[in-house]
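Kindly produce the complete structure, drawing on both the sequences and the hints.
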Amino acid sequence: MTEVIQALSAEAMIALLLIFALIVAFIVAARRRRAGGYKMNARLVRDESPVPDPHDRTARELPNGGARAVGRQDPTFGEYLADAEPRDFERAQRAGSNLDEYSDTVDDESAMASVAQVLSPNQTTLSDGGDGGDGVGASLDPGTLDWLDEVESISSATVESPRLPRHDETQVYSFNVITRSDTGFDGEDILRVLLGCGLRFGDMDFFHLSELQDDKPTIQFSVANMMQPGVFDLDNMDELKTQGLMFFLTLPGPKDMLKAFDLMLETAHTVAHSLGGDVYDETRSVMTKQYVESLRQSIREYEHKCRV
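Residue numbers for the sequence shown follow my numbering, beginning at 20 and rising by one.
What the hints contain is simulated information worked out from the structure, not anything from laboratory work. Incorrect hints may appear among the rest.
To be verified - Computed Cβ-Cβ distance ranges for the label pairs, DEER-style:
hint: 1; residue 1: Phe-39; residue 2: Gly-295; range: 32 to 38 Å
hint: 2; residue 1: Ser-317; residue 2: Asp-234; range: 28 to 34 Å
hint: 3; residue 1: Asp-257; residue 2: Cys-325; range: 40 to 46 Å
We treat Cβ as the ideally placed atom computed from N, Cα and C, and that holds for glycine.
Okay, here's the thing in structure tokens:
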């Protein structure tokens, strides 16, 4: 009788181990399918449709802009920006001191140089975007996965891949989203949030938000890795750790330059909130109303110059 009980116990243990192994295999497979879905949808296109305002707390989405008139020429940045207070500068100093540890690999000037290099019209090895960059930006909720099922794939033969401008008089405006954590931003989190904000992986291995202008997808703004070499490897986002992201607006390009800048600023604050970071100017200093208005004035002057 004892031998029978022992035999049954051994069989029960084996059965439990098999069930446990099946559960682990199922979980691993589900995670891989989810990661694969992110990467696949990084290159998908979504049709233009009206979307909620980004300040609507019930929606938590960013404006697409393609079908919605944005009537703000002089927006109020009170929700995002305030006159710099002493604690703001202390936070900026702490962020700067933390980033000094990465001085060999992260440098705003170097990151800008990387962008300038790939934007140079004299480059002979520029990426043509490959099968990436087919996407026209769409507003998606970074907090859920339901939107993945709603994305429609449009053939690259019918939609031209948007490209950054490549000529001598290109002007770039930028600022940074820097992590508060010592461990940095995680690549999979970056991918999830950027896709949720409507950006797509594309030209020159950056992420871009694009809109249809005159039936042609046009890049409104782009996002680069703040750490050298500045580009992203879409197939290895799960291995990426970075101290920050650089948002940059390349002009001429968007039809409404000020609207593109405002959209970039809104997106940067949404990404910072989602990833646990803060928005700083191109020198990693506290972002103030005065700084933002100086950029907007510069863009107004550049836009006027282009129209003359």
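Consistency of the hints with the structure:
1. Phe-39 and Gly-295 have their C-beta atoms about 34 Å apart, which keeps the hinted 32 to 38 Å range intact.
2. A hinted range of 28 to 34 Å for the beta carbons of Ser-317 and Asp-234 is consistent with their spacing of about 30 Å.
3. For the pair Asp-257 and Cys-325, the beta carbons lie near 41 Å from each other, so the given range of 40 to 46 Å is met.
In the structure shown, no violation is registered for any of the earlier numbered hints.
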